[in-house]
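Participant: Chain by chain, the residues:
2 protein chains.
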Amino acid sequence: MIRLTVTAQEGHARCGILHTRAGVIDTPAFMPVGTQASVKSLTPAEVRETGAQIILNNAYHLYLRPGVELVERLGGLHRFQAWEGGILTDSGGYQIFSLASLHRVTEEGLTFRSHIDGSEHFMSPEKAVDVQQRLGADIIMSFDQPIPWGATRAQTIEATERTHRWAKRGRDAWNPETGQALFGIVQGGFEEDLRRASAEELVAMDFPGYSIGGLSVGEPKDVMWAMLDVTTPLLPADKPRYLMGVGTPTDLVRGVLQGVDMFDCVLPTRMGRNGTAFTWEGRLNLRNARFETDPEPLDPRCPCAVCRTFSRAYLRHLLKAGEILAIRSVSYHNLAFYQQVMHAMRQQIVAGTLAAWAEAFLTDYRNM
Amino acid sequence: MIRLTVTAQEGHARCGILHTRAGVIDTPAFMPVGTQASVKSLTPAEVRETGAQIILNNAYHLYLRPGVELVERLGGLHRFQAWEGGILTDSGGYQIFSLASLHRVTEEGLTFRSHIDGSEHFMSPEKAVDVQQRLGADIIMSFDQPIPWGATRAQTIEATERTHRWAKRGRDAWNPETGQALFGIVQGGFEEDLRRASAEELVAMDFPGYSIGGLSVGEPKDVMWAMLDVTTPLLPADKPRYLMGVGTPTDLVRGVLQGVDMFDCVLPTRMGRNGTAFTWEGRLNLRNARFETDPEPLDPRCPCAVCRTFSRAYLRHLLKAGEILAIRSVSYHNLAFYQQVMHAMRQQIVAGTLAAWAEAFLTDYRNM
Numbered sequence: 000m001i002r003l004t005v006t007a008q009e010g011h012a013r014c015g016i017l018h019t020r021a022g023v024i025d026t027p028a029f030m031p032v033g034t035q036a037s038v039k040s041l042t043p044a045e046v047r048e049t050g051a052q053i054i055l056n057n058a059y060h061l062y063l064r065p066g067v068e069l070v071e072r073l074g075g076l077h078r079f080q081a082w083e084g085g086i087l088t089d090s091g092g093y094q095i096f097s098l099a100s101l102h103r104v105t106e107e108g109l110t111f112r113s114h115i116d117g118s119e120h121f122m123s124p125e126k127a128v129d130v131q132q133r134l135g136a137d138i139i140m141s142f143d144q145p146i147p148w149g150a151t152r153a154q155t156i157e158a159t160e161r162t163h164r165w166a167k168r169g170r171d172a173w174n175p176e177t178g179q180a181l182f183g184i185v186q187g188g189f190e191e192d193l194r195r196a197s198a199e200e201l202v203a204m205d206f207p208g209y210s211i212g213g214l215s216v217g218e219p220k221d222v223m224w225a226m227l228d229v230t231t232p233l234l235p236a237d238k239p240r241y242l243m244g245v246g247t248p249t250d251l252v253r254g255v256l257q258g259v260d261m262f263d264c265v266l267p268t269r270m271g272r273n274g275t276a277f278t279w280e281g282r283l284n285l286r287n288a289r290f291e292t293d294p295e296p297l298d299p300r301c302p303c304a305v306c307r308t309f310s311r312a313y314l315r316h317l318l319k320a321g322e323i324l325a326i327r328s329v330s331y332h333n334l335a336f337y338q339q340v341m342h343a344m345r346q347q348i349v350a351g352t353l354a355a356w357a358e359a360f361l362t363d364y365r366n367m
Numbered sequence: 000m001i002r003l004t005v006t007a008q009e010g011h012a013r014c015g016i017l018h019t020r021a022g023v024i025d026t027p028a029f030m031p032v033g034t035q036a037s038v039k040s041l042t043p044a045e046v047r048e049t050g051a052q053i054i055l056n057n058a059y060h061l062y063l064r065p066g067v068e069l070v071e072r073l074g075g076l077h078r079f080q081a082w083e084g085g086i087l088t089d090s091g092g093y094q095i096f097s098l099a100s101l102h103r104v105t106e107e108g109l110t111f112r113s114h115i116d117g118s119e120h121f122m123s124p125e126k127a128v129d130v131q132q133r134l135g136a137d138i139i140m141s142f143d144q145p146i147p148w149g150a151t152r153a154q155t156i157e158a159t160e161r162t163h164r165w166a167k168r169g170r171d172a173w174n175p176e177t178g179q180a181l182f183g184i185v186q187g188g189f190e191e192d193l194r195r196a197s198a199e200e201l202v203a204m205d206f207p208g209y210s211i212g213g214l215s216v217g218e219p220k221d222v223m224w225a226m227l228d229v230t231t232p233l234l235p236a237d238k239p240r241y242l243m244g245v246g247t248p249t250d251l252v253r254g255v256l257q258g259v260d261m262f263d264c265v266l267p268t269r270m271g272r273n274g275t276a277f278t279w280e281g282r283l284n285l286r287n288a289r290f291e292t293d294p295e296p297l298d299p300r301c302p303c304a305v306c307r308t309f310s311r312a313y314l315r316h317l318l319k320a321g322e323i324l325a326i327r328s329v330s331y332h333n334l335a336f337y338q339q340v341m342h343a344m345r346q347q348i349v350a351g352t353l354a355a356w357a358e359a360f361l362t363d364y365r366n367m
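Listed in order, the protein sequences are those of chains A and B. Numbering that gives the first Met the number 0 puts the first sequence at residues 0 to 367. Numbering that gives the first Met the number 0 puts the second sequence at residues 0 to 367.
Please note that the accuracy of each hint is not assured.
You can't tell identical chains apart in this list, so a pair holds if it fits in one copy or across any two.
[Stated by the list, open to error] Here are the simulated lysine to any residue pairs, SDA-like style, with alpha carbons at most 25 Å apart:
1) K319 to A44
2) K319 to L266
3) K126 to I323
4) K319 to M270
5) K220 to L233
6) K238 to E68
Everything labelled a hint here was simulated from the structure, so no lab data went into it.
Chain A extracted, bound-state conformation (with noise of 0.2 Å):
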């Protein structure tokens, strides 16, 4: 069903092969965002020219439109997106806090109103999983109470207990003759303690991957690497490890030196349809003065498509003419840069090299 080959390792940090039904995918590894089946902005090609071999979508949003029957009778997430490479699914939960209204928690689950038309709807540990599978995903996720920065311990134990009972009855729900991997998430909020029962009591659980969730919700970032630290190294060895909703890049590079094996986040997308590139030397904004006249691509260094095709000034002046091919262009560059940053740390790694080549790039990763 899923099965991790470590290839390479260097302190915590590893290189892999995680083999998937949908095909073997390179770790350490990034998932683009496909919050509705679709990658903003992007083709499937271009997604797969960027190099990634997988992209996350994103239940919550498809169970409400376009529904989990249409995608099932359009033939499932992957032949109704026409994308050929693995699929993860995230089971809903954050969405349903960060974005529904009116929701009410009760241990069935969780009942909410569309963000979209304001319908009511139930959302269950069981049936997330069962949305899940019959989208077709190839990675899912166990439906988890997220638990905000500022919750006190009291809810964050409420919150967390929860969460490994609902793991349990997405387990016990789920088929795994599909070769569907269901993922547990380790919650525990910020306290080391709650933290580390939280991952052995999934642990405890066996699942095929173990995702740390509840990071990256507005805490510091030395708080975020500390519950990582305690996190990372009581998750079995031999299991992929998928830091959810993370990050910059160099939130990757930290991620990885601690043992992350896959990571999503929205920020390479969402940055591009606002016109800030990422480069190897920091972050670029196109709408900065300086880069009215700039015959230079958005990052000489890089060889994707569109830095050997479009200047930044062509660029800067598509965005502010509010040019759709300006949000495509930084889109499909920075998902390439970023596949570029997984790809560099791969093969340092292999190379026994990452610690240094970690240390050059988080010092000259800067803002631009």
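We have chain A already, so just place chain B on it with the hints.
Facilitator: Positioned in the frame of chain A, the structure of chain B alone reads:
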């Protein structure tokens, strides 16, 4: 500089090769519109893939933003937007009348305020030619005074005669040694005798090509065809004829039957952004509920990349979800469809079967 080789003729319709400084263009040709140096939502490579050999840019828009100096500095329009095919610019007269505010018409030229920032500008026939030559277009337009549908005969005469004087001034200002071809624009409003007089006046000035302006501005279709009918027979057989701003697929067919060689229109991209696809059977609006579960491509007879990849159901989902990929996909398909119509007509003229083909097309093609 520019030379039309007519390779086949059937009735008034002609098939040919237009030799330009940017290479050859098969005629009759449809030119996608890249108003602000970008065919909306598409890359130059995609525009080329659809079959386009020449695009239209708007001198008015580019003069205001990013400005002539910047485009020159970045190597001219071809290099700026990374388009290797032909480029035609319109002179800006139409845009100044339709978009700019507080314009003042004098014999010298037009004073207007930018629709972007309200700044005041002056454009003369000489300056319009200079701007287009500096932008680096391969085919440029005389500066004309558009005549609205509903203008009086006196107004029509005044504007048409000024257009002739401006055409002469532009011709005198033009530097033919760059290889950039200047077209005269026939006006004459909606009066047959004035149309004839305008065509004769401009032909006497001996331009490399002739545009038919002032049509498709709100008049009934039969009036438009009547105006075209009196104009094209007066234009030299060995010079290209360009019907500005036209039109729908059926307009293209009727225009070719009347001897037009070149067309441009925002319709395929504008309708694409709106979710309306052109097909061999007519228009198809993806918002229509009957496409909700439709696994067929936009047009089962279309070989374009979008029709090979996505279903109507998926594209409808993207459109409803506000995803840019919907806009891109329908725009791309529409431009590919337009080029397929032009290609078919060129083949039919060579085979001497255009009349029958056109009759069948005009019968089958309908709004869906």
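Participant: All hints are to be evaluated individually against the structure, with a verdict given for each.
Facilitator: Hint check results:
no., hint, result
1, K319 to A44, "between (27 Å within a copy, 22 Å between copies)"
2, K319 to L266, "both (21 Å within a copy, 23 Å between copies)"
3, K126 to I323, "neither (38 Å within a copy, 30 Å between copies)"
4, K319 to M270, "both (15 Å within a copy, 23 Å between copies)"
5, K220 to L233, "within (21 Å within a copy, 75 Å between copies)"
6, K238 to E68, "neither (32 Å within a copy, 58 Å between copies)"
Hints 3, 6, counting from the list given before, are not met by this structure.
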